[in-house]
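Dock chain one against chain two, each of which comes alone in its own frame, and use the hints as you go.
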Amino acid sequence: MKRQLITRIVGMVVAMTLVAAACGSDDVAVGTGDCDSVDQVSLQLQWVTQTQFGGYFAAVDQGIYDKYCLDVEIREGGVDIVPQQQLASGATDFAVSWVPKALVSREEGMDIVNVAQVFQRSGTLQVAWADSGIDEPADLAGKVVGSWGWGNEFELLAGSRKAGVNPDSDYELVQQSFDMLALLTGEIDAAQAMIYNEYAQVLEATNPATGALYTADDLSVINWNDVGTAMLQDAIWADGAKLANDEHYEDITTRFVAASLEGFLYCRDNSDKCVDIVLDNGSALGRSHQAWEMNEINGLIWPSPDGIGMMDKGLWDQTISVATSESILASVPDSGAYTTKYAEAALDVLRGRGIDTTGKNWRPITVKLNPGGE
Amino acid sequence: MLRMALSVLAALIVIFSLWESYKWMGQQTGDAWPGTSVELPVSTDDIIMPHAVDIVGELFADIRDGRATLPLIVFLAKKAWFTFQEAAIGFFLGSAIGLGLAILMLRWRFAERGLLPWINVSQTIPLIALAPIVVTWGRHQNLPDIASIALISTFLTFFPVAVSALRGLQSPTPEHVELMRSYAAPWWTTLVKLRLPSARPYLFPAFKIAATLSVVGAIVGEISIGTKTGLGRATLEFAQRYAVWPERLYASVIGSAFLGLTVFGLVTLVERRVLRRAEG
Chain A
1454 MKRQLITRIV
1464 GMVVAMTLVA
1474 AACGSDDVAV
1484 GTGDCDSVDQ
1494 VSLQLQWVTQ
1504 TQFGGYFAAV
1514 DQGIYDKYCL
1524 DVEIREGGVD
1534 IVPQQQLASG
1544 ATDFAVSWVP
1554 KALVSREEGM
1564 DIVNVAQVFQ
1574 RSGTLQVAWA
1584 DSGIDEPADL
1594 AGKVVGSWGW
1604 GNEFELLAGS
1614 RKAGVNPDSD
1624 YELVQQSFDM
1634 LALLTGEIDA
1644 AQAMIYNEYA
1654 QVLEATNPAT
1664 GALYTADDLS
1674 VINWNDVGTA
1684 MLQDAIWADG
1694 AKLANDEHYE
1704 DITTRFVAAS
1714 LEGFLYCRDN
1724 SDKCVDIVLD
1734 NGSALGRSHQ
1744 AWEMNEINGL
1754 IWPSPDGIGM
1764 MDKGLWDQTI
1774 SVATSESILA
1784 SVPDSGAYTT
1794 KYAEAALDVL
1804 RGRGIDTTGK
1814 NWRPITVKLN
1824 PGGE
Chain B
21 MLRMALSVLA
31 ALIVIFSLWE
41 SYKWMGQQTG
51 DAWPGTSVEL
61 PVSTDDIIMP
71 HAVDIVGELF
81 ADIRDGRATL
91 PLIVFLAKKA
101 WFTFQEAAIG
111 FFLGSAIGLG
121 LAILMLRWRF
131 AERGLLPWIN
141 VSQTIPLIAL
151 APIVVTWGRH
161 QNLPDIASIA
171 LISTFLTFFP
181 VAVSALRGLQ
191 SPTPEHVELM
201 RSYAAPWWTT
211 LVKLRLPSAR
221 PYLFPAFKIA
231 ATLSVVGAIV
241 GEISIGTKTG
251 LGRATLEFAQ
261 RYAVWPERLY
271 ASVIGSAFLG
281 LTVFGLVTLV
291 ERRVLRRAEG
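Line order of the protein sequences matches chains A and B. Taking the working numbering, I'd label the letters of the first sequence as residues 1454 to 1827. Taking the working numbering, I'd label the letters of the second sequence as residues 21 to 300.
Next up, chain B with everything else stripped away, as it sits in the complex (with noise of 0.2 Å):
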């Protein structure tokens, strides 16, 4: 755990300097590769790339949260426990559609057949088709609008863990599957004693894919849907104010990398648990 949080650390330090020293750069030479009039791709004054210690400084200062003050890192976290529920609903919700299709296709052959293309035709629909039927679909059966935005992130996030848990599921060797035959165990024994548990390696990374999805499909869903609070709500606000509060905007996405994180490393300790116990 410490070593994971002084990487983080590093890697920040890493990315500071970068950003400090690409914008130092720039302001040295007009915004042009050194010794050279060729243009810098990205710009380097104030607006487009504000001084990477006023973004940290930002976090702290005040901000209204309706009538009240308080700092922008609790703001932000305020928001992001908002988000987060909508994710969580997400996550569960798709992994469970995940691994249910994976057994349909599992079980039946023409099922794989069917649905595996299906499937992957799904996740080329593109989220700004989609927000506009789910919420009209979720509003006609009287649903609140955080589960049309937690449907979103379900779809986003039914999709990686679909199609790792079908390669885990089948990832047992043929012998192995005669020798559970050999027993005269039936299927339901097969999927519970032998295949479920050679799909972990397969299923776990595909659950931190899904974790990290089903928070940029909740935050996404809060920016087409619109809701009163949550990340989506407060990274569009600040977008649309770029203009005269960059700082704010970097410091949302920050936030929103941080709620990334935060499910990420969820996934992997709950993978530490279950690891450690198979082999204890």
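Chain A with its partners taken away, still in its complex shape (with noise of 0.2 Å):
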């Protein structure tokens, strides 16, 4: 508790000093668009335009990281591109990367942080057809599981073995690729699939035995929340290096990630606009479909009991066990892995100008999906 109380109190001093530094003379508040000079700033995400990104381009959209003196470029993950090390080699100012996976360059010898921890929870499921008996890890034995492998299939090896169930010997784990075709053909007994994209990719299938799309009650779903293997994912990280030395990028990530939490508030309370913005940049996905990850992504962000960016201190301690136990990741990350630094002074920002920051009050929605996710 006293930590926590001196971690606030160091916050709210950085962001007294960084909105001091970032208006001169003029006791300007950060964050309302009075700029003595705009800092051009790069984003390296982890794949294509999609909602799950939405929060960053609502934010180009909608001025707001023009009201924080940002001028953001948005780079599109692409195969070969790993965020992280887009990062580290200077080529990109802040990334998204999920925790597992960023932890693993870290380690590496990376000099990254994680600066604010947008998800508050994992996405990822394991798909299988609901008479398939397939209804808890456990059942998972004797079946053909899928993974995408490169870092996606921890959760699983974890949330297997918590059951009892050996990865290496009691099923065979097949490589995956990220359309559903195999769930759909049958090749695989149970796929891996984000809640926010690929399970909705089944809903938008035809069945051929009914003529109508598939429901969610032909699907039977492991939550890896529910079992208590979820591991952290979306977050933006910062280069260490420069964090510690450089106070002009510490000014910066601080705006950085106020103007990218107030998107990802945009997408909350105007998500139907969120995904016209997604669409605008170039999205060849269908409406409907960008409607549902919307809706998703909203669901793994809120409620943020702690306010959007903070840690979530079990989820976090989660993660590392996981990691560590799955060889992941061959010793506890040092303290430096993460701060809230950045996001308590970004909170105490939006707090200062009324914004509800934790979402308590936010419900899902229902989505239709339309054939093709169109």
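Since the hints were made in silico from the structure, they are not lab data. No experiment lies behind these values; they were computed from the predicted model shown. Honestly, I wouldn't trust all of these hints.
From the derived model, a few chain B residues whose C-beta atoms are all more than 10 Å from chain A [to be verified]:
no. : residue
1   : Ile93
2   : Asn140
3   : Met200
4   : Ile243
5   : Thr249
Dumping the calculated DSSO-like pairs for lysine-lysine here, alpha-carbon to alpha-carbon at most 30 Å [to be verified]:
no. : chain 1 : residue 1 : chain 2 : residue 2
6   : A       : Lys1615   : A       : Lys1596
7   : A       : Lys1726   : A       : Lys1615
8   : A       : Lys1766   : A       : Lys1554
9   : B       : Lys248    : A       : Lys1554
10  : B       : Lys213    : A       : Lys1726
11  : A       : Lys1766   : A       : Lys1813
12  : A       : Lys1821   : B       : Lys213
13  : B       : Lys213    : B       : Lys98
14  : B       : Lys228    : B       : Lys213
15  : A       : Lys1554   : A       : Lys1615
16  : A       : Lys1813   : A       : Lys1726
17  : A       : Lys1821   : A       : Lys1554
18  : B       : Lys248    : B       : Lys98
19  : A       : Lys1520   : B       : Lys248
20  : A       : Lys1596   : A       : Lys1766
21  : B       : Lys213    : A       : Lys1695
22  : A       : Lys1726   : B       : Lys98
23  : A       : Lys1596   : A       : Lys1554
Positions of the beta carbon are idealized from the N, C-alpha and C atoms, including for glycine.
Next up, the structure:
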């Protein structure tokens, strides 16, 4: 408790000095659009434009970054782009990455720091057909189980072991592609799926037996949040060395985190408009698919009991314990792996404007998926 | 030109018929070779092999591009134009580098001995290793990502040009070279008046290969590095949604093939003009 108080005070002091630094002699608050100069900033995403990253696109589109005196270039991901590697090499100023993948890179020597934990829950599911008899991890024994690999399999492996199923011998683990074809054709019994993307793809496909779309009743879902092996996902990462030595970059980080979080607040309160913004940015994914994704992404963020962007210490510890027990990480990362300093400073700015940063009243909506996600 | 168009059309009809008859056969026999229980190499359901008519029909169906809606064929044409620009930069840069290297290797034998093995080795570097290096370097130089993609395209195109140009430049017979020498022609004049003209039959096939490779390089570059637009980006997105829209993935493949054919055709046109001028 005492420690929390200290970090809070430090956070407020940082916020205040940054406000002062940003505005020079004028006593104007940060985020008001009163800019002496504008900083060019680049953000590396993990993947192509979609509402998963809606907050960043909304912050550009709605002029939120402008208000924080930032000119942000959003770079989409590609097959060979590793966001944290782009960050560590200095090719980008900030990166969005899942926590376990970034911590592996950090252990390999990349000086990167988690400055805002945007998603409070994991979106990874293992999806099977309702009549497959797979309802919980223990049922995976003897089945063909799909995973994308490349660091996406950790929750599955830990969840299986927790249920007494040995992934090395008790089931056949196969490499799965990002479409859901293998599940639809029955090649695999339980497929990996993000709740906001691939899971919806199944619900956008036509069931040849009925001629209608598959429904949630046709499917059985294992959710790693319920199993207790969920790991933290989308977070904003910054360059550790620059945070330590470059005051200007620190100032930019606070403003970037505040503006990005404000973007996600916009997407919470204006989900339809946020979907349109993402579509305007060149997503060829259909509108109903993106609306589904927006709703699920909001569900991964809200509620954020300590405020959006704050680290959930319990889930951080769970992420680390899964990672070390699965030998993904050799050791527990040092305390510099994440900081709540910038999120706290950002939240102070947002709360100061009377904005609800926890989303305790947010409720999911029902999204109707159309064939093909159109 | 008409003959070329007709032969393309004929080829399309043949592919179309083969596709549909194979699919029909598979549907009749439950994906086995007729009269046996041996499985077909590719199953013929509507996800793996949509009807050719549906694929063509999809080309004219509407797709969302941002907030606008337009026919898929127009969507692909817009993306192809972007990819074409990357490929064009790659093609011209790659051809210039290839030609430059060839001249260098022609001028100094030790350059040939020193460079040629490395030029060959360069093509064994997997693009998956090259792409992050190029894009990280490019971003440090404040180059736009489109330049990094063009560089990947360059990397594929310089090779056939360098190798073929060298052979072409070395193709004049010793008699011809001796003749130039007897005129006391400087090395440079021999290059321009004798070697380059006789390299033409070697160069144009290389340019044609380079042109199609430049498109491949641009598409692969887009997929590895990630861009907002382009054929590679569209293909990547459609590939992820293959299970629900197989026709769109096939349509984007057709779009890529068409872009490849277009650049091939462009080089052929230039070749004809150049050769005609040489004859006239």
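Results for each hint:
For isoleucine 93 of chain B, the condition that its CB be more than 10 Å from all CB atoms of chain A holds, with the nearest at approximately 14 Å. With a least beta-carbon separation of about 24 Å from chain A, asparagine 140 of chain B lies farther than 10 Å from that chain, consistent with its non-interface assignment. Distance check for methionine 200 of chain B against chain A: the nearest CB is about 49 Å away, which clears 10 Å, and the non-interface claim stands. At the 10 Å boundary, the C-beta of isoleucine 243 of chain B falls inside the reach of chain A, the nearest C-beta of that chain being 5 Å off.
Interface exclusion of threonine 249 of chain B from chain A breaks down, the closest Cβ pair being 6 Å apart, not more than 10 Å. Restraint check: the Cα-Cα separation between lysine 1615 of chain A and lysine 1596 of chain A comes to about 17 Å, which is no more than 30 Å; the hinted pair holds. Distance hint between lysine 1726 of chain A and lysine 1615 of chain A is unfulfilled; the C-alpha atoms sit about 42 Å from each other, more than 30 Å. The hinted pair formed by lysine 1766 of chain A and lysine 1554 of chain A meets the criterion: a straight-line CA distance of about 18 Å does not exceed 30 Å.
A threshold of 30 Å between alpha carbons decides the hint, and for lysine 248 of chain B with lysine 1554 of chain A the separation of about 24 Å falls inside it, so the pair holds. For the given pair, lysine 213 of chain B sits about 65 Å from lysine 1726 of chain A by alpha-carbon distance, which is inconsistent with the 30 Å threshold. For a cut-off of 30 Å, the pair hint linking lysine 1766 of chain A to lysine 1813 of chain A stands: about 19 Å separates their Cα positions. At most 30 Å may separate the alpha-carbon atoms for a hinted pair to count; lysine 1821 of chain A and lysine 213 of chain B exceed this at roughly 71 Å.
Annotation: proposed proximity of lysine 213 of chain B to lysine 98 of chain B is violated, straight-line Cα distance about 42 Å (limit 30 Å). Taken as a hint, the lysine 228 of chain B and lysine 213 of chain B pair is honoured in the structure, with Cα atoms around 24 Å apart against an allowance of 30 Å. In summary, the hint linking lysine 1554 of chain A to lysine 1615 of chain A is supported, as the alpha carbons are separated by about 21 Å, within the 30 Å threshold. As the CA atoms of lysine 1813 of chain A and lysine 1726 of chain A are separated by approximately 21 Å, the hinted pair is consistent with the 30 Å bound.
For the proposed pair lysine 1821 of chain A and lysine 1554 of chain A, the alpha carbon gap of about 33 Å is over 30 Å, so the pair is violated. Between lysine 248 of chain B and lysine 98 of chain B the alpha-carbon distance is near 12 Å, which keeps this suggested pair within the 30 Å criterion. With a CA separation close to 25 Å, the supplied pair lysine 1520 of chain A and lysine 248 of chain B stays within the 30 Å bound. With a C-alpha separation of about 35 Å, the suggested pairing of lysine 1596 of chain A with lysine 1766 of chain A is violated against the 30 Å cut-off.
The suggested pairing of lysine 213 of chain B with lysine 1695 of chain A is violated, with an alpha-carbon distance near 58 Å, which exceeds 30 Å. At roughly 26 Å between alpha-carbon atoms, lysine 1726 of chain A and lysine 98 of chain B fall within 30 Å of each other, so this suggested pair holds. For the given pair, lysine 1596 of chain A sits about 27 Å from lysine 1554 of chain A by alpha-carbon distance, which is consistent with the 30 Å threshold.
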